[in-house]
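Sequences and hints are given; from them, build the entire structure.
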Amino acid sequence: GDSVTQMEGPVTLSEEAFLTINCTYTATGYPSLFWYVQYPGEGLQLLLKATKADDKGSNKGFEATYRKETTSFHLEKGSVQVSDSAVYFCALSTQGAQKLVFGQGTRLTINP
Amino acid sequence: GAGVSQSPSNKVTEKGKDVELRCDPISGHTALYWYRQSLGQGLEFLIYFQGNSAPDKSGLPSDRFSAERTGGSVSTLTIQRTQQEDSAVYLCASSSNRAAYEQYFGPGTRLTVT
Chain A
1 GDSVTQMEGP VTLSEEAFLT INCTYTATGY PSLFWYVQYP GEGLQLLLKA
51 TKADDKGSNK GFEATYRKET TSFHLEKGSV QVSDSAVYFC ALSTQGAQKL
101 VFGQGTRLTI NP
Chain B
113 GAGVSQSPSN KVTEKGKDVE LRCDPISGHT ALYWYRQSLG QGLEFLIYFQ
163 GNSAPDKSGL PSDRFSAERT GGSVSTLTIQ RTQQEDSAVY LCASSSNRAA
213 YEQYFGPGTR LTVT
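Listed in order, the protein sequences are those of chains A and B. For the first sequence, this note's numbering gives the first residue as 1, with consecutive numbering after it. For the second sequence, this note's numbering gives the first residue as 113, with consecutive numbering after it.
Keep in mind the hints are simulated off the structure, nothing from the lab. Computed from a predicted structure; not experimentally measured. Careful: at least some of the hints might be erroneous.
[Claimed, not checked] One-sided excerpt, in silico: chain B residues whose CB lies under 7 Å from chain A:
1. Gly154
2. Leu155
3. Phe157
4. Tyr160
5. Gly163
6. Phe177
7. Tyr213
8. Gly218
Each residue gets a CB set at the ideal place from its N, CA and C atoms; glycine is no exception.
Okay, structure coming up:
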């Protein structure tokens, strides 16, 4: 079945550091790919998405590129802030399936 | 506009009791989803509604779990004879036909079974 694997956390970085959170997927067909973020005490929010190969999703300084050849959708940010501390979930949705399949989540803590 | 709302925000119940969790989707969103977030299992899909029908119930863990949606709007997730392993945060999400894959999540209901 469809699945998403993301790097285990927790990840702790200093402010202004470069961030990468790895995400790879297994799916039939051509899925849409997403990153969701859950800030402390808040609900899940869509951070960015990509619906076809080589698309780049971006939002709030975060980027991720849909790589079909490596079945990956790694999340990157050039300079993280304390306010980026949250749990990040990689997810996919395949055409016709509607539901989201999530990775296990990566807890990110940014220290000042 | 208003987002997805869920009630109650917290529910503590005794093992063996029935519980009902409510979700109000974003107005005009035709699709509604229930997920469960627990420490051991991560985020799991439970059920998907399109309008009032549920074409995908594949994630419901047992026949103690059921859900309905009325008027193409509010949905209720019912858990009968609750067990301790049902303790989790139950999340509801909705999406529109125009952007079916962009799901908007509610704040969740934290269920604790004692």
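- Message: Does Tyr213 of chain B hold up as a contact with chain A if the rule is Cβ-Cβ below 7 Å?
- Response: holds (5 Å)
- Interface hint compliance - Phe177 of chain B to chain A, C-beta minimum distance less than 7 Å: Because about 15 Å separates Phe177 of chain B from the closest Cβ in chain A, which is outside the 7 Å limit, the hint is violated.
- Status of the hint placing Gly218 of chain B at chain A (closest C-beta pair under 7 Å): At 6 Å from the nearest chain A Cβ, Gly218 of chain B passes the 7 Å test, so the hint holds.
- Hold the hint about Leu155 of chain B up to the distance rule: shortest CB distance to chain A must be less than 7 Å. Holds, about 4 Å.
- Given hint Gly154 of chain B near chain A, where the shortest CB pair must fall under 7 Å: holds (5 Å)
- Have a go at the Tyr160 of chain B hint: is there a Cβ in chain A nearer than 7 Å to its own Cβ? Holds, because the Cβ-Cβ distance from Tyr160 of chain B to chain A comes to roughly 5 Å (cut-off 7 Å).
- Item | Agreement of hint Gly163 of chain B with chain A interface, Cβ distance less than 7 Å | violated (13 Å)
- Item | Restraint check, 7 Å cut-off on beta carbons, for Phe157 of chain B near chain A | Result: holds, 4 Å to nearest chain A Cβ.
The structure does not agree with the numbered hints 5, 6 stated previously, though it agrees with the rest.
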